Amino acid sequence: MSSDILILALLDGVSYAGLLFLVALGLTFIFGVVRILNVAHGSLYAFGGYGAASLGLWLGQDSDSAMESVALLLGGAIAMGIVLGTVLMLLLKKFQDRDPILQLLVTFGAFMIFEDLQRMIFGTQPYFVADIVNQMGTSELIGVVYMNYQLLFVPSAALAVYFLLRWFLNSTLAGRQIVAVTHDREVATALGINAKRIAYLTFVVGAVLGSLGGALASPTTALVPGIGADMIVLSFAVVASAGLGQITGALITALLIGLSRSFCVYLAPEFEVVMPYLIMVLVLLVRPQGLFTVVQARKI
Amino acid sequence: MRSVLFGAAAAVAIPGIALAFPWLKIPLILSLCYGLAALGIVVLLKAGQISFGHGMYACISGYAVAFVSKRFPEMDGVFQIALGTLASVFAGMLIGAFVVRYRDIFFGMLNLAISMVLFTVLGKFYEYTGGTDGVRINRPALLGFDLSRDPYEIALLALVLALSLIATFGVQRYFRSSAGQALAAIKTNETRLEYLGVNAKKVLWKGYVLSASLCGLSGALFGLSQGLVTPELGYWLRSGEFVFIAILGGAGHAAGAFVGALLYEFLKMYAAALVSGSWQLILGAILIVIIYFLPKGLSGLFGKRKDDEGGAV
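Listed in order, the protein sequences are those of chains A and B.
Counted from 1, the first sequence has number 269 at position 269 by the numbering used here; the numbering is strictly sequential.
In the numbering used here, each number is its position in the second sequence, counted from 1, plus 1000.
Keep in mind the hints are simulated off the structure, nothing from the lab.
These figures come from a predicted structure and were not determined experimentally.
It is possible that some hints are incorrect.
[Said to hold, decoys possible] DSSO-like mimics (lysine-lysine), calculated; alpha carbons at most 27 Å apart, straight line:
#1 K196/A - K93/A
#2 K1187/B - K94/A
#3 K1187/B - K93/A
#4 K1202/B - K94/A
Whenever a hint applies, use it, and build me the whole structure from the sequences.
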């Protein structure tokens, strides 16, 4: 094995892990509010990608500034995240006192609806808007030429989100209220926190993170129907292996899964797709609560 | 008494419909197959657990049938079904031993992950499994009779119907047995169940193996009626369909799964014919509406007034 392949696999893995981390983090946030895994999260990812690509096609065609492309990418993702997040939140609110299994099925129904809506709105032809990748150029790293977009932009965006969220959750009032409401909604309400508003905020942050993942993936992957379905399962795998609600854990697990997957692409391609699930199965067998969860006392 | 009447009515009505409208044979077989798989999900729903990975048991059994029929082309179809189901039972016993230690999301996720491992492995190892194209299954003899296509389908329909009726009554009996009651108690209060001296994991394991065998039976019949198995049978969206049907029909009574499956198959047919390309949208909307207005599913509509079943989802 040459060192070129090693570096390529490493860079691919880190970039992929960045995307995975964002989507999985969004899933964790939404879980914090509704206490169920949001199956429609894959649709947020897909719509984020399509939204960013459409905005890029519409406004960014004849400009060659990378800043403008980045702004369009983020704008598309945030707009899609807020709109779809609000729709989902309103839908789930109608079911908030029901059996959790039924709520899960509601998100499954929403996923089916979004899947067809996406096909109706954007068609089945692959979308491919790679202007931003060309604008950012390439750089050479120990003999390997690599795109700046994947080398620098995606991982630094993921890291920026990570540090920003940690600061937000630990040091601002709204962030601390989010932690409180996620931890125990009743007690938080009793303390005078407007739990409804905070829950909405948390949900939308989660939705925006999901669609941001899609938007960042859109320049390097072709957008076709069905990309959402695969992403849901992958982000489930990250969240479940890391433990629910673990932000740092999600980052590390995303790196683990991203790297092992990209090394498989180069070394043992048959196992590429199996890898994330194998890791998840192994982690859950050894540590049922996920890698980074502190075991809690059982409530009777 | 009432349930025997309903069973008899179904046993008369379904072959009657199939004879009157021959083109409905295959949709009827498929919906009964879906019903059997959904019945397996209903068993788990009784324990308050949901699995997005039970497609794998249909898949295992379908592939077992395909391999057996390739190896022993002379073997009777009924034996092939039995062997396929047996393969799922063994897989269910083994996987069940691990997954019954988990509850709720982790239970669902672990099933999902294992089924996705199977799905990708089947798709990748082309020499053995035919990759994503799957494996063809030749039409076997049924109970010693070599049948041409049309009578074969009728015989298969009769077989599926008989097995569905047996499964419905069997599962209903199981729900009323002490093992079934203990299974429902996992949902209501597992800790108390343990205090009573009942091993909850063992109870769930039995339920899990039962549900795996029902999904396996469905997969074997599915493979024989289609003449083809593909890894798609084990994809998580397929497992999601099973759960969808179980909720649509309602988990209160075992027959609900079949009501849900019939409705699902025909909705899908008509939605696909009416608005081609967006049947998922219609089904998704119907699912949400059903959950909103009929949280106990269709079978909740004409079920008993009194709420003694416990554990009805």
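Okay, the hints, checked on the actual structure:
For the suggested pair K196/A and K93/A, the alpha carbons sit about 10 Å apart, so the restraint of at most 27 Å is met. Straight-line distance between C-alpha atoms of K1187/B and K94/A comes to about 23 Å, which keeps the hinted pair within the 27 Å bound. About 24 Å separates the Cα atoms of K1187/B and K93/A, which keeps this hinted pair within 27 Å; it holds. With a C-alpha separation of about 37 Å, the suggested pairing of K1202/B with K94/A is violated against the 27 Å cut-off.
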